Every structure is written in structure tokens, then in C-alpha cells.
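Asker: Keeping their order, the protein sequence lines are chains A and B. Numbering of the first sequence is given in the working numbering, commencing with residue 1 and proceeding in unit increments. Numbering of the second sequence is given in the working numbering, commencing with residue 1 and proceeding in unit increments.
Note that these hints are calculated values from the structure, not bench results.
Here chain B is said to cover these stretches of chain A; the calculated rule only asks that three of the stretch's residues, wherever they fall, bring their Cβ under 8 Å from a Cβ of chain B:
no., stretch
1, 9-15
2, 89-95
3, 184-196
It should be emphasised that the depicted structure is a prediction, and the values quoted were computed from it without experimental measurement. We put the CB at the ideal spot given by N, CA and C, even for glycine.
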Amino acid sequence: MATALTPVLTRYWDQKDSYTVAGYERNGGYKGLRKALDMAPDDVIEQIKASGLRGRGGAGFPTGLKWSFVPQGDDKPHYLVVNADESEPGACKDIPLMLASPQQLIEGMIIASYAIRANHAFVYIRGEVPHVIRRMHAAVRDAKANGYLGKNILGSGFDLEIVVHGGAGAYICGEETALLDSLEGRRGQPRLKPPFPAVAGLYASPTVVNNVETISMTSQIMRYGAEWYSSFGSEKSPGIKVFAVSGHVKRPGIYEAPLGITMRELLDYAGGIREGHKLKFWVVGGSSVPMLTEDHLDAPLTYEGMEEVGTMLGTATPMVFDDTVSVVRAITGWLDFYKHESCGKCTPCREGTWWIDQLLHRFKDGEGKPEELDLLNELCGNILGRSFCALGDAAATPYPQALKLFPQEFEAGIHTPANEAFDPMASVVFPGVKTS
Amino acid sequence: MPLSDQTRVEIREIIAKYPEPRSALLPMLHLVQSEEGMVSTAGIEMCAEELGLTSAEVASVATFYTMYKRRPVGKHLIGVCVNPQCGILGGDKLWETLTEELGVDNDETTEDGEFSVERIECQAACTYAPAVTVDWEFMDNMDPDKLRETLAKLRAGEEVVSTRGAVIRDFCATERTLAGLDDGLADSGDNNADEIMLAGLTYAKENGMSAPLPGGDE
Ligand SMILES: Cc1cc2nc3c(=O)[nH]c(=O)nc-3n(C[C@H](O)[C@H](O)[C@H](O)COP(=O)(O)O)c2cc1C
Ligand code: SF4
Ligand code: FES
Numbered sequence: 001m002a003t004a005l006t007p008v009l010t011r012y013w014d015q016k017d018s019y020t021v022a023g024y025e026r027n028g029g030y031k032g033l034r035k036a037l038d039m040a041p042d043d044v045i046e047q048i049k050a051s052g053l054r055g056r057g058g059a060g061f062p063t064g065l066k067w068s069f070v071p072q073g074d075d076k077p078h079y080l081v082v083n084a085d086e087s088e089p090g091a092c093k094d095i096p097l098m099l100a101s102p103q104q105l106i107e108g109m110i111i112a113s114y115a116i117r118a119n120h121a122f123v124y125i126r127g128e129v130p131h132v133i134r135r136m137h138a139a140v141r142d143a144k145a146n147g148y149l150g151k152n153i154l155g156s157g158f159d160l161e162i163v164v165h166g167g168a169g170a171y172i173c174g175e176e177t178a179l180l181d182s183l184e185g186r187r188g189q190p191r192l193k194p195p196f197p198a199v200a201g202l203y204a205s206p207t208v209v210n211n212v213e214t215i216s217m218t219s220q221i222m223r224y225g226a227e228w229y230s231s232f233g234s235e236k237s238p239g240i241k242v243f244a245v246s247g248h249v250k251r252p253g254i255y256e257a258p259l260g261i262t263m264r265e266l267l268d269y270a271g272g273i274r275e276g277h278k279l280k281f282w283v284v285g286g287s288s289v290p291m292l293t294e295d296h297l298d299a300p301l302t303y304e305g306m307e308e309v310g311t312m313l314g315t316a317t318p319m320v321f322d323d324t325v326s327v328v329r330a331i332t333g334w335l336d337f338y339k340h341e342s343c344g345k346c347t348p349c350r351e352g353t354w355w356i357d358q359l360l361h362r363f364k365d366g367e368g369k370p371e372e373l374d375l376l377n378e379l380c381g382n383i384l385g386r387s388f389c390a391l392g393d394a395a396a397t398p399y400p401q402a403l404k405l406f407p408q409e410f411e412a413g414i415h416t417p418a419n420e421a422f423d424p425m426a427s428v429v430f431p432g433v434k435t436s
Numbered sequence: 001m002p003l004s005d006q007t008r009v010e011i012r013e014i015i016a017k018y019p020e021p022r023s024a025l026l027p028m029l030h031l032v033q034s035e036e037g038m039v040s041t042a043g044i045e046m047c048a049e050e051l052g053l054t055s056a057e058v059a060s061v062a063t064f065y066t067m068y069k070r071r072p073v074g075k076h077l078i079g080v081c082v083n084p085q086c087g088i089l090g091g092d093k094l095w096e097t098l099t100e101e102l103g104v105d106n107d108e109t110t111e112d113g114e115f116s117v118e119r120i121e122c123q124a125a126c127t128y129a130p131a132v133t134v135d136w137e138f139m140d141n142m143d144p145d146k147l148r149e150t151l152a153k154l155r156a157g158e159e160v161v162s163t164r165g166a167v168i169r170d171f172c173a174t175e176r177t178l179a180g181l182d183d184g185l186a187d188s189g190d191n192n193a194d195e196i197m198l199a200g201l202t203y204a205k206e207n208g209m210s211a212p213l214p215g216g217d218e
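With the hints as constraints, model all of the structure from the sequences given.
Answerer: What follows is the structure, encoded as C-alpha cells:
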């Protein structure tokens, strides 16, 4: 039987005021917080652990476990930082979550802060989204006016201030330690780990960094219980996930479903590939993970299921490309991105992204040399595992898989430009514009 | 040109929000950019003074982030997402349309100072591809005709509204928003849940699907 959609975080989005305290409370909002504040902080951590919730920023680290790493009784201030940098190509789920349900995020932030004993929390939002930044500022004011923030929240004796912080355009600031440097008013470059942020993060104090979706979901786990949450999904990937399907499908958008749903099912909910075309490749976790094809449509969308087919679940925001699209063109575009966003701190990534990008452009222009196919693999191999942070690894990921799946397209890149082999106008989706 | 006293007052208000003053630097740079349409030497100096840093320290931060401009930006900054999802679904064509229409290239400004143009990376709007931004306000699901029409309206001073609800003002006004100042637009577009955000929920409701919730909740 097909896996049913299970809207939880998104279940009241069809109410226009879902973003206000009033609209959220009408849907039972802040009930999870009340339960949490009646518990000991350590018991809240235990409940999140028991739910099996894993980080939704891409790496899938167990959330409760991360919270439990924060040393207690250490006399230092603790901080919660919500990672709302969402800049990974393909990722587009956190922005809607902040627009339509910012109170859900704030509720989760209060719960998390209470659990780790933080009295200061931050939302670090990428700078390019003024509509989200103003929405989050207003949501914090709204929550405060209703007694959910500030001193002695709901009479619990717990105090919390939330600062909404806008970034300024740098993908690397999504990496948690670069984000912390950026939040300290510095260039956003990754720090050496260890120490991990849970021990020495913001201002060298214990800090938990979590993704928007991760923190939002803690509100529902506190409300409905760990057992309820872990009844969805698989043993290793429990729970429910917000999937964002983009690209050549009939109904791109947000689909919330249990982990373990397949791409075939998601594609079906999204109306299938646009009329007259076939699926060519899809990229499930953001551009930083290996692409897949039709052969992988029945693999469960879980952390372990995606590993089994040689990729990573990542952000679980599949980009879908149909048969009009040149693979060489697509990955060259992603390498343009990594080259541009490399922070320059380490040599393999700073130089390597430049070399890979330049060579890929030759194949895209139909001017590649046969021996450069291997050279590219060698370059990627030299970056993978040798760069300072995961951005370097990400840059080395698209090519080897693309070559493996579509060798003929790279061979064609020795004599034929990608835009001749594949008419770019056949791939556009402008309404009203004829698309072959 | 020296910056206004009001900016200095607002800078101090931003600093007061943070446990450590230096954390205010990114919003402060957005604020000084909102006054001058760029981060000028005067802007850098004001930030440095207020935080007790050297100008060189502030400048090294400002140059790291692509949203801070060291040359004056036009009244409106038009961004076209050329990252593959958008680029392939039409962004590359839109970039062609934009640059032909305005006769400028990446990071350039039209002679009349009306428009600056920029190739931008994934804006977390991939489900709305191809995406364009005007002063960082989103113009989702763009096409060449709509783009030309948008440019014409902006040039004529007519009202243009973002697909996410906010009315377009200008680059400098947006920079104030990014600094965290209240612009009164937070309710624009209600909860922004359009058919793309509601795609799954709508399908679920129409087909009787839901997540079982304890306690009889819906
Ligand atoms: C280059 C790079 C960019 C990243 N961007 C984001 C991001 O935008 N949002 C996010 O939540 N995590 C991002 N991450 C992952 C974070 O480093 C971190 O693992 C995550 O915020 C932890 O939260 P979670 O445990 O809730 O997933 C990025 C990592 C790297 C290496
Ligand atoms: S891998 Fe790239 S982004 Fe990461 S530290 Fe090195 S240069 Fe910077
Ligand atoms: S690729 Fe353009 S918004 Fe993601």
C-alpha cells in the first residue's frame, strides 16, 4: 500500500493566520511547551532522545543526544542557535516553515532552550530573505506580548530572549561553526572541531545548533509524545519529514510524509513528470549529494535507505530533472556555485573547486579532452576527505556519480556543446511558453 | 559623506540586543548600507567606532559577504537565480532577457541609476523556479514577459508587489529590514501559504490522508 501523506508541521497551513500566536493557539499551539515546562529539563532531553528525532539540516545527527552533550552546572551561559541559513541548492523547506508557522519554531526554541538551560537563543536567517526576517521579528514580538518569551515564561521561572539575526550572503555560514563565527561578527569561516559547539560554541560557551525543521518538530514531540513520533518511519530513521519537491513535476511543492516513503510515491503525489517527458535524474539531499535515476525510485527515503543506494538523504528536498536536461550543464552550474562559495580557508577546496569548475566548463562547451575525464575524477578524489569542512567534499561529489551514470554525455562533451545536444529552451517551464 | 545621527542611535539599539556587541556587526552593516546604498568608508568607520574595532577589522568582515556592496547600487537590485534548478527551468533565459533589456552585465548599474543586476545563487525558492528577486523581495515563477513588465512598472514608479505579499520599495529600504528594523510589512501575504506550500496538505485532505494524532486532535 502506498505511504500516506502525514501533514503535522504543515497541517494547519490552510488557515491564513497560521503564523500568529492566535492562529497557532487555535490549533493547539504551545501545548507542547506547557508539558515541557512541567517536566525537569533532563526529562525533556530524554523524551527527545526517545523519539529518535534526527537533525534535519542534512547530517541527521540524533537531536536528543546532541542536547545531552551540553555540560550542566558549568557556570557558563548556554545558547541555542537555530540554523536558518538554508542555502544548499535544492533546499527550500525551512523558509516556508518560518513563513507559515514561526510560532511552532519559537515553541520548539523555548523547549530546547529550557532543556539545555539557555536563556538566550538566536535564529540565524540567511540575509537574502527580507520577507522571512520581518516575519520572524514580528513573530517574536507576538510571542513576547503573549507571555511566551521574556521573564518567567508561563509562571515557570524560566526566562528566554530570542534574537532574530540576518546574515549577509554566504552559503558557508550554514556550516555550524562558520555560522557561529558569523554570529560573533566575523568572517564566516569554519572552526576546527573538536571542540564541538555543544562544549565551546558561541562566545566559547556551550551551544546547540539545530536546523529550523528539527526544532519545529520538538514542539509536536513534546505535545504528542516520543512514542507517537517514533511510530512513524523506520527504526533508524523515525518520524515525519517535510519534503520539498522541485523541478519538472506537475505540482512542485511541500509534501510532509513519514520517512521511508519512496520517490516513486512522492513523484506520484507531485503529479508526476510534466506532460510528454520522462524522468532523467533526481537529487534528493541538495546538490551536495550524488544524483540518482529511475533505478532508485523504490528505495526508501530514509538515512540508511539512501546510503544503501550510494547517496545521502541530506535535506530531503528532491530536485527533479527530465529528459530535456543536460547532466553536464547541471553539474557545471553546481560547481560554479561551490567555486563561488568556497570560503578560501583550505587549499584543496579553494584551488580544487576552481580546477573542477574550469574543466567542467570545457565539457559543457564541447571542448573537453578524453584524458580530462580521468583527471576530473582524480581532482575530486584529492578534495574528498582532504578539505577542512564538508563544503569541499560536496564540491567533489556531483561529478564522479554523473560520469558513472551518464558517461556518454561527458564523451559527447569532447566535441558537442551541451546546449547543442540539449536545447535549453526545451527545459524551461514558463507558463504560456511552448516547451517542445 | 558622514552618516546621520539617527543611524548612530539605531546602531546602538541593535548592539543592545546582543550579549556581546560585536555580534551586531552584520545587521549594523546592513543599516549603514541602507543609508548610502553601499558600505562606504564612512559606514565602516562608524561601525568600527561603535564596536571599538579597527576599520581594517570591519572592512575584512564587510568584504567577506556578497550582500555588502562597495560600489553604489541602483535604486533597485534585480537578482536572477542561475543555480541549476532555476537556471535550467528558465533562469538562464531570464538573465539573457534582463541584461538585453537593460544593456548591463553582472554587477553593473544602468546609467540612470535605476537598476543594478546580479546573478544570484539558490534562494531556497526552488519549488518556485525560476525565481527572481527585486531588492531581495521574491518574484516567484518568473517568465520573460512578466520580467519586462516588472521592469517597466518599477521604472514608471508604479506599484509592484512581491509574489510573497510585500510591496516593493527600494534597495535601501530592504536593507533597513535586513538590519532588523520594523517596516510594518510583516503581515503582507498572510501566512504566504500558496498552492505550492499547500501542495501536500491539499492532496492529503482531498484524499482523506492525515497523521494519526493522539487525544482526538486533528
Ligand atoms: C557548507 C554547509 C552548509 C550547511 N548549511 C546548512 C543550512 O543552511 N541549514 C542547516 O540547518 N544546516 C546546514 N548545514 C549543516 C550544519 O553544519 C549542522 O549540521 C546543522 O545545522 C545541525 O542541525 P541539525 O542537527 O538540526 O540538522 C550545512 C553544512 C555545511 C557543511
Ligand atoms: S572546505 Fe572550502 S568552505 Fe570549507 S573551510 Fe575549506 S575552503 Fe572553506
Ligand atoms: S535554484 Fe533557484 S531558488 Fe533554488
